[in-house]
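**Q** Starting from the given sequences, assemble the full structure and let the hints guide the process.
Residues 1 to 1011, numbered by this note's numbering, are exactly what the sequence shown covers, in order.
No wet-lab data here; the hints were simulated from the structure.
Take every hint as true, because none was put in to throw you off.
With a cut-off of at most 25 Å between alpha-carbon atoms, the simulated DSS-like pairs for lysine-lysine come out as follows: (1) 365 - 327; (2) 486 - 471; (3) 850 - 781; (4) 493 - 602; (5) 174 - 201; (6) 324 - 276; (7) 276 - 254; (8) 201 - 254; (9) 943 - 850; (10) 86 - 235; (11) 201 - 86; (12) 531 - 850; (13) 943 - 852; (14) 201 - 71; (15) 174 - 148; (16) 334 - 324; (17) 942 - 852; (18) 78 - 201; (19) 174 - 135; (20) 914 - 943; (21) 531 - 776; (22) 235 - 201; (23) 334 - 365; (24) 148 - 135; (25) 914 - 938; (26) 78 - 62; (27) 781 - 852; (28) 257 - 223; (29) 459 - 486; (30) 257 - 276; (31) 471 - 493.
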Amino acid sequence: MKNHKRNRLTWATLAAAVAVGSLVAQDVDPVTQKTQLLSEALAAREKGDLQVALEKFEQIQKISADDEAAKEGIATVKAALAAADKAKADAEAAKLKASQPAPVVPAKPATLLDEVASSHENLYREVAQAIAVAKQTAELGDYAGALKVLDGANGALPNNTAAQNWRDEIALAKQDIVSRRESGDQGADQLARAEVVRLAKINAAAIDAASALINEAESSVRKGELDDATTLLDKASANLPRNIATKPVSDRIKTVKSSIISRRAFLAMDAREMNKADAFVREFERLNGADDSSSRRLRAEFAAKKSDPAYRSVDEISPGLRAKDDKVQELLVKGRARYLYGDYAGALDAYREILQYQPNNSESKAFQVRIRQLLSQNSGQWNRGVSKGKLLELLDESWKLPEVYNREVGPVGGVATSDPVLDKLRAITVPEINIRDLPFDRAIAQLTIVSQSYDKENKGVNMFVIDPDRKNPSVNMTLRNVTLEKAIDLITKQVNFTYTINSGIIEIRPDSGSNDLETEFFPLSSAAETKMTGIGTGAPSASTGGTPSPFGGATAGAGATDANPRNDGIKNFLTRSGVSFEVTGAVLNYDGTTLIVTQNRKNLERIRNILRRYSDIKQVHIESKFIEVSESSLNELTTNLRLSQTVGGVQTIRAQTNLRSVNDVFGSATVSNPGTIAVAGLTATVLDANGNPITVTQPGTSTPIANNPPNFPSGNFGGREPNFGGAAGWSGAAGAYNGLIGTIGSYDLSIFLKAVEQNSGSDLMSAPSLTVLDGKTAIIKIAQLLRYPQSYGDTQSNVGSQGGGQQGGGSAGVTITAGTPQDFTVQEVGVTLEVTPTVGADDSIALNLKPKVTEFEGFVEYGGTSVAISGSTTVTIPSGFFQPIFTTREVSTDVTVFDGATVVIGGLTREEVKTVNDKVPVLGDIPLIGAAFRSSGKSTTKKNLTVFVTANLVSPGGATLRSSYPGMRAGSVFQNPVVLSPGGAVYREPVEATPTNSSPREAAPAAPAGQ
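**A** Dropping the structure here:
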């Protein structure tokens, strides 16, 4: 109401100003013009000519930009125009909708709320009719009757929020009637009153529109369409003016919004989404105030349900648990599917991954046990057989001898060991260079042009002069048929400049001698370090004069020193290569992986070029193959006759032929006869029971002392050959026929026949292989270790005196102590190969080979027989001092081969033929029966030991470095197919290398396969 009164006073003042202006001022001044334009604008708006009214108000604003009446008039006219446009659009939409057949909507049963709403709508229509009647009555001048009608309409309205807009309409109508009754004229006050009425109508229209939206929102709430209801309430709130007349509508919007928020909060609680519920409760408190009773009740309900575990969501209590469960379910399905289709490795991966999310998942563990049992039954038992078959196949293939597979003269291509720019400088030859009094920078520019002209690739080199002092001296030079490197070297020396190559650019700067020092870091591989220093990777980092003490103290010998042998070795190598460390301040330090050098730029460039040569890690795979083939044969026929006589049970040999066998001739005994302890016989006279003398004879005894050499196991390279024919002496030879032919009187004639045909052989092959760094020595040994003493202690023997009475009874005690072995040493019996490869710049391999074959021949006994005599006891003791006999075949050679070539070392052969032909003269020549008086035998032994050594350049991955073969590309990496991880066996996935069109010999190193 205050706004209405204020507007009324404003319009009354404006009308008075119009009247005063028309009486006082006769000329057209701005005030008069504004008043006239305002009257025209109001009149046009009342007629409905809104566009003309807008133009008049805009003219007033041009005269006075701060005119409040013009601003308010423009705003109302624009609002009216917008409303008219909207009404027109709505009418067209309604017309279009009316032209279409209406959809058949089934009738809904009326609820109690719908009946109440329908009755209210009827009442509101009657109130609207009463307001119209009151206005018509007031137009006729019956103001009292009009007010009475309005009072009756106001009393019929229900006491609720929806009826508030009709009460406002009635109040406005009553105010209009009272104003008209009090004014009674059509002046400025009437215009103000008309404006107030118009604004009240606009306000009432906005309230009606907002009320309609609120009603629609309430209907949506009852249907559960909370989002649509919220949208309608936001729209109603946005279009509703903010004044005292619209406050009831705003409160109604607030009430409906509170209901929606509260309902959403309860829905979130029921869905166990406590975070959302808390957000809705907070929104409810912002809308109604935290101290409001409804807010407190909602907060209390939220707190009670939040403390109830049944209303807490698993996503809130255990974030990510639901996602883990979903992932586990997906993996279970994947694992079952892979198991079904036979992808057992993939199924194991899936089931192992399940345990990362659910460590106690029983299905995953059960399937893993089942799959591993299945793999063990189906595949595990065959792994051993497959590996064994591969190894046996490899053994069979190793018997193949080398063949010619590559008929090239040498390896194709080499390894770049210097800077390509430096190579280009050396390759470009200039026929003539003639420079006369040219500044240095221009002379260098001319050389740059010359380099491009005489370069085969027509690229030349980049040269850049760095002259901070701008010396730029003059140059004079005339040369013919020189390399570009020599020309640059001479022209820079002429003016005391120097040049270095940095990132493909030749940098030329004044030579500052040792003052311009720089520090650079060069990575150095262990292979390069070993090749430069000759010290292995396992060598200590500091050199001492004696053996290191385990207690960390000073070492024995020459004393400790702080020198680092690797530093000194690298420094000496670089010094011998032309890098001087006599420059003041020049230092070098090696930390095990990086070489730190402080030098001038010239020497740094030299070091860089040297290290570039050694940066390529080269190692050689040595394949050695030892093949020994031996064959032995024996053919022998020996016949011996013997004539013997037996008298008194004692056999006496009267005659025998004694023809020799092969073993009798060549298989001589290597030990002395066994020792004996001999006691002579005794004769004594004793008395019997009757006192008669009786002679008693005690026979002598002889106890042998064994003297056998130790046994040496066979099976080694170069072992002992068989001892054909058995022990020495034909009478005890194994396999001989000993038979009695006949008896002539008291004489027995016996024949001893020995016929032997033996053949034996052995094939022994061993193919050890290893990989060694360039310049290091590799040792291959296939040998048995024979441990034997180099000396013996003295043999001790002690024979005691005889005991007994006068009859000479008793015996002497004998004590024998053998010589104690002393100073044991070890001899390797077999084959040893030492090889040192050195890889050249063209990938040729220089091999220093030292094969050595050591064979065990037997034992030899040193010393003589010791004899001790005491009374009737005689002790004969053999020496028993055995020493082994070895034969050695050794070769030392140096040879250079290409990558993959094989060196054959022969000559380690041996062939021995032994023959025996014995006969009895005359009798041995008699036909037929002469064979009984002849003995013949032949023993043949052949041995051939050949050593094959193959050298291949290999990469750190185990494959060949530059050559590719079927199934193996150059630079491939050989890896175990199974990786033992803490979680179990993990199978590698094959990685295919990128195809290449290069030939196998020229193939460049490819990406490692299997990584």
